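A.B. asks: Sequences are here, hints too, so could you generate the full structure?
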Amino acid sequence: MASDKVMGAKKSHFDARQFVRDHGIIIGFVIIAVLLSIAEPNFSRPANLINVLRQVSCIGIATLGVGFLIIMNGIDLGLGSTLALVGIMAGRVVSTGVEYGGLGLSTPLGFLAGIATAVVVSLFAGIIVAKARIPAFIVTMGTMSIGRGLALIFAHGMPVAKFPNSFNYLGTESLGPIPWPVIIYVITILIAWFILNKRPLGRYIFAVGSNEEAARAAGINVDWVKIKTYILEGIALGIAGVLFAGRVKSAAPQFASGYELDAIAGCIIGGVSFSGGIGNVSDMIIGALLLGVINNGMDLLGVEAFYKQVVKGAIIVIAVLIDRNRTGRA
Amino acid sequence: MSEIIVDMRNIDKHFGGVHALNSVSLSLKRGEVHALVGENGAGKSTLMKILIGLYTPDSGEILLDGKAVRFRSVKDAQNAGISMIFQEFNQVRVLSVMENIYLGREPKTALGSVDYKRMERDSSELLKKLGVDLDPRVKIRDLTVAKHQLVEIVKAISFNAQIIIMDEPTSALSRNEIEYLFSMVRTLRDQGKCIVFISHKMEEIYSVCESVTVLRDGHFIHSGLVKDISEKELIRMMVDREVNELFPKQECAIGDVLLQVKGLTVKGEFRNVTFDLRRGEILGIAGLMGAGRTELVETIMGARRSDAGHIVYKGKRIVNRITEDAFKRGIAMVPEDRKKNGVFLRLPIKDNVIVSALKKCMRGSFIRRKLERKCFDTYAEKLEIRYSSWRQSCKNLSGGNQQKVAVSRVLNADPEVIILDEPTRGIDVRTKAEIHRLMSALAGTGKAVLMVSSELPEILGMSDRILVLHEGEQTGIVDRKDATADRIMELAVKTSPMEMGA
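Line order of the protein sequences matches chains X and D.
Numbering that gives the first Met the number 0 puts the first residue of the first sequence at 0, with every later residue one more than the last.
Numbering that gives the first Met the number 0 puts the first residue of the second sequence at 0, with every later residue one more than the last.
Hint data in this document are derived by calculation from the structure and do not stem from the laboratory.
A quick note: this is a predicted structure, and the numbers were derived from the prediction, not measured.
Honestly, I wouldn't trust all of these hints.
Stated by the list, open to error - In silico DMTMM-like cross-links for lysine to aspartate or glutamate, where the CA-CA straight-line distance does not exceed 20 Å:
(1) X:K130 to D:D324
(2) D:K107 to D:E124
(3) D:K313 to D:D216
(4) D:K339 to X:E211
C.D. replies: Pasting the structure below:
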């Protein structure tokens with residue numbers, strides 16, 4: 000169409016509405032943090048803030064993984080059940096409890112088993128999404144159920160515990176004042192940022208998410224990009240899963256249910272477009288942090304769990320409305 | 000029959016910092032076909048979108064039958080008898096023709112359910128009145144693009160539209176279909192309706208329009224009768240300079256054979272296509288809609304699997320399983336439909352340009368900003384892409400500039416065989432000339448160019464040789480010196496002239 004001068008005009012003067020639209024999430028984050036610290040002085044205490052970070056780390060890493068998928072116009076609804084399955088598999092490898100069917104193997108092997116489990120599950124989803132061209136939403140709805148079922152099978156429906164201290168170390172200990180999960184989160188953030196912004200795969204993820212057909216026509220091996228991205232997500236879920244199991248020193252097949260919603264919501268709230276092609280690592284971080292802060296704040300204020308669900312849901316809807324406004328119809 | 004129906008006076012419109020329309024005026028009369036011309040970005044679509052109530056003007060007034068009106072929505076304008084047929088049709092593909100015509104205002108029975116009988120009767124009547132031979136119960140998805148267009152027109156008429164705006168209605172039509180459309184436009188004109196015809200094609204303007212209004216960079220330039228102005232003058236007014244040679248294929252040395260296609264067949268699309276492509280050569284592929292031209296080049300690229308035949312490239316037999324293989328070998332294509340698969344609308348223009356050859360922007364294992372800048376600047380300059388920031392998303396560019404971005408992306412991959420599918424569809428005269436010059440220059444540097452085009456002047460002007468397809472069959476390869484419009488059309492329609500939209 001001929002009218003091209005519609006958008007993309009350079010603004011010479013400061014445009015408050017544009018600023019709010021572009022940085023709404025950060026403004027929202029600051030407002031909520033300030034309000035919380037006024038309403039509940041305990042919120043801004045360093046110990047609490049570090050606690051928030053610790054809580055955010057595991058889900059934050061998973062958010063990075065699913066964030067890549069969303070930019071690629073994919074999704075993983077099986078994220079939560081994969082996390083649970085990772086805990087069970089890693090847990091059974093390292094657990095010393097015979098009653099849990101523990102193998103009592105070394106911690107590195109446990110980590111490896113956990114990460115490998117997540118990679119296999121994601122790879123499975125990725126191959127079907129890429130090769131059979133079935134929408135990711137449907138495929139991962141299947142893996143959600145499969146993963147949960149496998150977790151129940153391998154755990155015989157029971158929790159797994161009695162992990163060696165070395166396995167729990169990363170989840171529970173700190174390096175100086177900074178908890179290990181936070182350090183690992185920061186490292187995965189850096190890696191994710193590099194992959195998304197500095198490696199060809201990152202550009203291809205954006206390209207596929209923006210227009211899959213154009214990506215195919217542009218000489219991009221779209222199927223392979225999809226599979227690789229699912230593998231990356233698997234690695235992220237593996238790391239998050241073993242950290243999570245270590246933090247709670249146990250694993251249960253029911254763990255992490257609903258985490259897929261938190262991770263996906265984190266991305267969307269942060270500004271990753273649900274229609275693909277738009278978003279960055281910073282969006283995934285800020286979204287995860289915002290959800291973490293709100294969770295923590297509501298805990299401190301003694302908000303009932305039922306209400307927490309409603310508030311979280313409302314925030315997701317608002318974030319999507321803002322996203323649609325920004326990208327002009329999702 | 001020269002009564003003024005619409006008078007748009009001193010329309011002004013800004014989009015952010017861009018002055019899209021600068022005090023533009025337009026008068027439309029009953030019973031005329033009025034051409035609205037100008038380069039991409041001249042403000043034609045903006046002006047029309049103001050007329051149909053999609054945009055509100057910053058200032059200026061619109062008089063309809065002498066009364067000032069202000070439309071707040073497309074529905075307002077529709078009720079007042081103004082309809083626009085967009086380039087992309089808003090049709091529900093799974094519904095039938097009649098359901099699309101009456102979408103949202105279905106006739107109801109006494110019980111409140113949809114009265115299909117009446118719908119069918121009314122639709123048939125409408126179709127008959129316009130002389131359209133179409134079953135109202137056929138689903139839209141089973142129709143050709145040309146018929147989609149007819150359905151849109153019928154829908155506009157069903158609103159009792161007095162003014163029908165057509166935005167580049169012929170860009171997806173074959174020659175016969177265009178003729179049919181024109182006869183329909185004339186019928187409407189004779190019924191006293193006013194048709195605004197947005198087009199880039201001079202021959203169309205001269206064959207169907209009475210009046211013409213020229214816009215350039217948001218300014219009103221000229222308005223008058225088509226017969227009072229020469230084609231050359233018109234083009235000069237549009238681009239503000241003489242475009243002497245629209246199709247400047249320069250003579251250059253034809254080199255070795257680079258690509259050989261032997262007996263290539265895809266069942267149901269085309270069969271037994273055989274040709275050689277040499278360095279320095281532009282081979283045009285002509286044919287009507289549905290002749291299998293796009294399918295042929297897509298198969299060469301590896302986007303489709305062939306059922307028989309093979310491809311020899313640089314003396315070696317190759318198989319492109321996916322387009323990535325073709326790109327790696329130095330065969331690259333600019334697809335036919337920009338929005339569908341030519342550009343990444345949501346991505347920054349720089350990523351659009353570099354994404355097919357990211358290796359060039361890497362040192363070590365990482366993509367470097369400086370190298371990205373270099374790649375981008377090279378083509379932004381070479382193709383004179385008009386942009387405000389390299390991070391600007393591609394959807395904010397005009398069609399012509401988007402096409403340049405798509406071409407840049409392909410050139411950045413340093414291909415030796417460049418395939419261009421409808422390289423100048425829907426872009427303005429200036430950009431068209433630039434792309435033609437570029438093609439000629441590429442051939443001059445020893446590249447081989449394969450060009451699919453539905454525009455005969457382009458095919459005739461640019462090609463060294465012309466391969467003609469008719470319903471998937473290769474009916475001939477014509478040398479430049481023997482090529483005439485008649486000869487090509489003869490091969491393209493072969494013996495049996497194609498039925499409209501078949």
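A.B. asks: Quickly compare the C-alpha distance for D:K107 and D:E124 to 20 Å and report which way the hint goes.
C.D. replies: OK: D:K107 and D:E124 at ~18 Å, within 20 Å.
A.B. asks: For the pair supplied as a hint, D:K313 and D:D216, confirm whether the alpha-carbon distance does not exceed 20 Å.
C.D. replies: 46 Å, violated
A.B. asks: Taking 20 Å as the top limit, are the C-alpha atoms of X:K130 and D:D324 close enough?
C.D. replies: Roughly 18 Å separates the two Cα atoms, so the pair holds.
A.B. asks: Between D:K339 and X:E211, does the CA-CA distance stay at or below 20 Å?
C.D. replies: Holds: D:K339 and X:E211 sit about 9 Å apart, inside 20 Å.
In the structure shown, a violation is registered for the earlier hint numbered 3 alone.
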